[in-house]
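Engineer: Chain A is already provided as a structure; the job is to place chains B and C on it using the hints.
Sequence order for the protein chains is A, B and C. Quick note on our numbering: the first sequence kicks off at 16 and runs consecutively. Quick note on our numbering: the second sequence kicks off at 16 and runs consecutively. Quick note on our numbering: the third sequence kicks off at 16 and runs consecutively.
FYI, nobody ran anything at the bench for these hints, they're computed from the structure. Be a bit skeptical, because a hint or two may be false.
Derived DEER-like restraints, expressed as beta-carbon distance ranges [to be verified]:
id, chain 1, residue 1, chain 2, residue 2, range
1, A, Met362, C, Asp456, 54 to 62 Å
2, B, Asn31, C, Asp457, 31 to 39 Å
3, B, Glu409, C, Thr73, 20 to 28 Å
One-sided excerpt, in silico: chain B residues whose CB lies under 7 Å from chain A [as the list claims (entries may be wrong)]:
id, residue
4, Asn31
5, Asn33
6, Trp67
The C-beta atom is built at its ideal place from N, Cα and C for all residues, glycine as well.
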Amino acid sequence: MGCVQSFREFCDRPKNSNVRLSLPAVCIVWQTAMIILFGVFIRYDEESDTHWIEHRKTKNISSDIENDFYFRYPSFQDVHVMIFVGFGFLMTFLKRYSFGAVGFNFLIAAFGLQWALLMQGWFHSLDYSDGKIKIGVESLINADFCVAGCLIAYGAVLGKVSPVQLMVLTLFGITLFAVEEYIILSLIHARDAGGSMVIHTFGGYYGLAISWMLYRPNLNQSSRLQGSVYHSDVFAMIGTLFLWMFWPSFNSAITDHGDGQHRAAINTYLALASTVLTTVAVSSLFQKHGKLDMVHIQNSTLAGGVAVGTAAEFMLMPYGSLIVGFCCGIVSTLGYIYLTPFMEKYMKIQDTCGIHNLHAMPGVIGGIVGAITAAAASESVYGREGLINTYDFEGDFKDMVPTRQGGHQAAGICVAICFGVGGGIFVGCILRLPIWGDVADDNCFDDEPYWELPEDEESIPPILEYNNHMRNKDIVESNFTVEQN
Amino acid sequence: MGCVQSFREFCDRPKNSNVRLSLPAVCIVWQTAMIILFGVFIRYDEESDTHWIEHRKTKNISSDIENDFYFRYPSFQDVHVMIFVGFGFLMTFLKRYSFGAVGFNFLIAAFGLQWALLMQGWFHSLDYSDGKIKIGVESLINADFCVAGCLIAYGAVLGKVSPVQLMVLTLFGITLFAVEEYIILSLIHARDAGGSMVIHTFGGYYGLAISWMLYRPNLNQSSRLQGSVYHSDVFAMIGTLFLWMFWPSFNSAITDHGDGQHRAAINTYLALASTVLTTVAVSSLFQKHGKLDMVHIQNSTLAGGVAVGTAAEFMLMPYGSLIVGFCCGIVSTLGYIYLTPFMEKYMKIQDTCGIHNLHAMPGVIGGIVGAITAAAASESVYGREGLINTYDFEGDFKDMVPTRQGGHQAAGICVAICFGVGGGIFVGCILRLPIWGDVADDNCFDDEPYWELPEDEESIPPILEYNNHMRNKDIVESNFTVEQN
Amino acid sequence: MGCVQSFREFCDRPKNSNVRLSLPAVCIVWQTAMIILFGVFIRYDEESDTHWIEHRKTKNISSDIENDFYFRYPSFQDVHVMIFVGFGFLMTFLKRYSFGAVGFNFLIAAFGLQWALLMQGWFHSLDYSDGKIKIGVESLINADFCVAGCLIAYGAVLGKVSPVQLMVLTLFGITLFAVEEYIILSLIHARDAGGSMVIHTFGGYYGLAISWMLYRPNLNQSSRLQGSVYHSDVFAMIGTLFLWMFWPSFNSAITDHGDGQHRAAINTYLALASTVLTTVAVSSLFQKHGKLDMVHIQNSTLAGGVAVGTAAEFMLMPYGSLIVGFCCGIVSTLGYIYLTPFMEKYMKIQDTCGIHNLHAMPGVIGGIVGAITAAAASESVYGREGLINTYDFEGDFKDMVPTRQGGHQAAGICVAICFGVGGGIFVGCILRLPIWGDVADDNCFDDEPYWELPEDEESIPPILEYNNHMRNKDIVESNFTVEQN
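Isolated chain A, as found in the complex:
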C-alpha cells in the first residue's frame, strides 16, 4: 500500500484537460491500426460471403431462411440498441454530463467493437486453413457483448475521466475480456449465454478496481454537479427501458437455435418483471414518507436480467426466473441504499452509477444460480438429447456430467472476478499517469472541459456564482421564515 501511496502522490500534479492532441492522435492511430489488422485478418464467413449459394448446395440447406442471419439479426439489433441507447442514456442522469454520457459511450463502443472482432476472432473463430478470422452476425453480437463489459466499467468512473483514458480503458478491457472469455468458455467449458460472469462480473469489478485506483479524496466537497435534475432523470429512463425491454434478446442472442433462444427469452422476461416489483417495494420501504427513488427505478429494475444471464438457457423454470428476479431486486436496491455510501466512505471506491449493485453483485449471483442449475440438471427434466445440447457435452467434454459442470460454472465466477480486479488495478495504474488529460476535482461531472456547450449553458464564471449563492441563501432563509409561520 505504501507503493500505491507514493505512486499516487507522484501522479497528483495539476491537471490539464486539453485533449486536442492526444484524443485525435489516439483515434486516428488506432483506427488506422484497425484497418491494417482487418486487412490482414478479417474476412466474411461462409454465410455472408457470395459463395453462400454454393455452400448451400453442398450442405444441402434448403432455403436462404436458414442463413444464421435470420436466426440472430433481430436479436443483434436489440443488443445494438442496448449498447448505444441503453447504456448511453442510462448514464445521462447527471445534471450536466449528458453529452459525455452519450457521446463517450458512443466513442468507446465504436472503437471497442472493432478491437473485439479481432481479439475474439483470434481466440474463437480463426480459420487455420488460411489464417483468417471469419465473421458473421454472431461475431457482431459477440463484439457488442465484449463492448458491454467496458461500458459497465465506464459507469464506475463516469464524469471523472477523460475520453483518452476511456479509450485506454477500452483497449485493455476488450483484451482482458477476450482472454477471460476464452478461459471461461473454452478451457473451463462453463456455459454463459447471457454473460452474468463473463460480461457483468468481469466488467463490474474491472470498473470498480479502476475507480479505486483513481480515488479522488476531495470529490465530495466539489460535487455540486453530482446529482440529477428532473429532465435528466427522464432521459435516463429511456436508457433503463430500452435495456429492460431488450434484455431477453441479450440473453438469447447467442444461445442455441430453436428452444435455446426461445427459453432464454422467456426466462429473462420473467426475471425482469419480478425485479421491478421488489425494487419498488424496497425503494419505498427504506425512504422517508415511502417515496420512490429514481436511482433505484433506473438501475435496480435491471438486476434480474443480469442475474438470470447464465441460467437463462437452462431449464431454470418460469418460477425459478421469478425467484432470481425477486432476490436481485432486493439485493440491488439495498446495495444502493447501504453499500454504495459504505464503499465510498470506507473502501475509497467511488462508483458513480452504482455498477456494483447493478452488475457486479447480480453478476456473481447469476454465476451461482447458473452453477446450481447446471449441477441439478438431469435427463428426466432435459431429456437425453436436450441435456447434451444444452450443456454442449460433446467433443472433449462428452463424458461431462451435470454435477461436474456445476463445479466448472463456479470456477468461471472466480476467473471473472480475478480478471476484473487484477485487470482493473493494472489498468488503473496506467490511467493514473498524468498524461491523459483528466480533469481536476472541481470539473468532475461537467461536460464543459470536453464539449463545446450551447451558449445559455456555459458554466457560469465563479465571480457570479458567489452572488447567486448569496442571493440563493437569502431565498432559502426567507423560505425558511415563511415555512415557520
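Structural biologist: Same frame as chain A, but now just chains B and C:
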C-alpha cells in the same frame, strides 16, 4: 345515484398519500403469490422446452427456424417497446408527472404481465393432461396485450391515483380482461387480432368508468400542474412515435403465420399514415390562426391503428385501411376538441389523456369495421381455403358463414363495452375506499407525493414563488452589473 | 440570373404564416386522392393475400417461414424507426423548433409513403395482367426509402418553410425520386441497395437547390433562435443513435436473401464504427481547446453509413468498409467546419442541418465507391454464381461484365445529381410563390407560428421581455391577492 352519493361522502376523508407500508406490502405479497402460482402452474411449452429437439423429429419439422419463436419474436419485441416506452412516454406530457407516467407504467406493466400469463393460461392454454399452463412466445405477446388494456385505463386516471390504486386497478383489470377475452374469442368466436374490441374498447371504458367513480369536482381550481411544458411535449412524442411505428407489429403479432401477419402489417401501416393527415387537417382547422395542437398530434395520429385492429388480418384492402384511418383521424381529433371538455363538464368524467378519443371510440369503430368486413367476406375474394383459415371456420364452427360471423363480431363489441363499464364501476367503488393513499386535489398531477425529486425541482409553495421572483430579479440585475464591468 | 432576381423580388411580399385554410385543404384533398388512387390501383401481392396458401402449394414452398415477410419485416421496422424517430429527432437540435422537427417530419413522411407506394408501384410492380400494383413488405420498405429522400431535403430548409411548402416539396420529391430511381436501377441497371445515389445524393442536392432558391439574405441578423440548448442536443442524440444503430438494416433491407442481407449488414456496421473515431478526431483537432462539437457527433458519425450504401452488398471486404468510414468521418466533419459557412456566405445556400456534409457528399462518395467496387469485381472473389447474383447479370443484362457495370454505376451518380439539382430548382420556384404561408425571417426556427405552445414557452420578442418581466411581477402580485381572498 343516492347510494353512490352517500358512498362518495363516506369516502371523502382527508387524504394521506404516504404509501410506505401499503406499496411495499402489495408488491412483496403479490410477487410472492406469483412465484407460488407459477411454481404450481406454469411450464415451458414444447417449443421452448429442451424436448423440442425430439418434438421436431416426431412432428417432422425440418428446421429450427420453424420454431414459433422466429415467427413472432421480432413482433413481440416491438409490442414490448410499445407497452413500456410507448405507453410510458406518451403519458409524460404533463409538466411535473413524468416520473409517475413512466415509472408507474413500468410497475403495473411488470406486475400485470405475470398475472396475465396465469389468467390467460387458465383460460386458453391449460394442458389438461398434467394441469399445467404451457407458455411460449405467443403467451408473452398475449400477456403484453392484456397489460395494454390496463395501461389504457391508467391514461384516464393519470395523476389522480396512488401506485397502490394502480396495482388494484391492474389486478382486477387483468382478471376482467381474461374473462372478457375468453368470452369474445372462444365462446362467441369473434376474431380480434389487433384487439380493437378486446383491448381498446374494454380498456377505454374500464378506465373511463373508474375515472367517473373517482370524480374530483374541485380539480380544475387547483390544476396549475395540468398542462405541458415544451420539453415534456417532446418527451411525449417519443411515446407517440414508438407506438405509431410499431403498431403494425402489434396488429400482426398473433395473426396466422404467413399471409396473415403480412397483411395485418400492411393494413395497419396504411391506416396509420392516413390518420396523420386528417389529424393535422382537423387540428389546424379548429384552432385559432390554424396552429397545430400537440395533444392531437400526440394522440389522434394513433387512432387509425386502434380502429384497424380487428380487421387488419381480413381482406380489408389497402384503400379500406386508408378510409378507416381517414375517418378516425377526424373523429378522434374532434373528440379532443369537443367531447373531452363536454364529458368533464356534464358527465363528470375526467379523462387526463383523452383515452375516450384515442382508444374507446376508435376501438368501437374498429369493432364495427371488423363486423362489416367479416360479413362481406366471400370465397371469390378470399379463396376457399383462405376464408376458412382467416376466420378459423373449423372445429365447432366449421358451418359458420361470413354473414353470421359479422353478427358474432358485433356481439363482441357489446361484451367488451359491458365488461369495461361494469368492471370499471365495480373497481372504482373499491378504489374509493380511503385506504389506498391517493392524494388531495392540490397534489394531483404532481410527482412530489410519491417520488424523491431532485433538489432544484422540489415543488415551491405558491407563497414563496413571489419571493423567489423578486430575488431573481435582483440576481438578474446584479448579473447585469457584473457583466458590464 | 436576372430572371431569378426579378422573380425573387416579385415574391418578396409581406409574409402571412396563417395556414388555417391551406394546410387542412391540402391534407384532406390529397388524402382523398390517395384513397381513390389506392382503390383503383393497389392490391395485396401474392404473399400477403389470402391466396398465399394456394400459392405456396403451386410453388412448392415448404413453409410459411419462407414468406418474404420473415426475411424483411425486422429490417423494415428498423427502417421505419429511422424515418420517424431517427430523422425526426435528429432535427430537434434547435432550441425552439422541436415540435416542427418531429411533427412536420411525421406529417410529410406519412403522406410521402402513400404517394411513394403509388409512384414506385407504377414504375416497378405494376401487374400488367390486371393493371394493379401489388404490394408487400418490400414495397413498404421502398416507400420508406423514398420518403427518406424528402426528409433529407427537409433538413436543408428546416425552420424556414411552412408545412404546406413541405407537403409540396414532398409531393414533387417523391415523384422525382420514383422517376430517377427507375432510370438508375432499371434503365441504367446500376445497383444501389442502400441508396447512396438514389436516396442520399438525390435528396441532398434536391434540398440544397430548394434552399438556394429560398435564400433569405437577412436571416443571420435575426437568428437568435438558430442554435441549440443543452437538452435539445440530447434529444437530437436520440435521433442520431437510432439512425446509427439501424443503418445496417437500412442498407440490407432490400438486398438479396441470404448472404446479400448478411454482408450488407456487416459492411455497414463496420463503416459506421470507423466513422465515429475519425469524426471525434477531426472535431477535437479543429476546435479551440480540443473540445468536441455536438453538431459533428450528431451528424458526421452517420456519414459512413451513407457512403457504404451502394457497395454494402458487394464484396467490399471488412477493411474496405473501415476505409470508407474512415474517410467519410474526416470529409463530413471538415465539411461542417469549412464548407457550410462557405456555402452560406458565398453561394447563398443556407443548410440548416448540414445535409451537404451528411448526405450529399457522402452519397457521391458512396456512388464512387460502388462504381470502383463493381468494376473491380471478379469471379475469383465472388464465384461464378455469386457474381451473377450480386450484380443481377440476368435477363437483358446477362452479357454484362464488371468493368462495364462500374461505368453504369458512375452514370447513376450523374443522374442522381442532375435530378436533385434540376428538380430542386424547379420545386424551389414553385415554393417561392407567396401563397404557401411561410414565415418572415424574424420567425424562422421558431415553433410559435405553426404550433400552440405551452404557456410558459411562448416566444417573447426581446424588447418585450423586460416589460413582461415587470407585468409578470404585477400578475404574481395580483394572483397573490386573489389567493388570499
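Engineer: A separate judgement is required for each hint: does it hold in the structure or not?
Structural biologist: Comparing the hints with the structure gives:
no. : hint                               : result
1   : A:Met362 with C:Asp456: 54 to 62 Å : holds (60 Å)
2   : B:Asn31 with C:Asp457: 31 to 39 Å  : violated (53 Å)
3   : B:Glu409 with C:Thr73: 20 to 28 Å  : holds (23 Å)
4   : Asn31                              : violated (10 Å)
5   : Asn33                              : holds (5 Å)
6   : Trp67                              : holds (4 Å)
Comparing the model with each earlier hint shows violations of hints 2 and 4; every other hint is respected.
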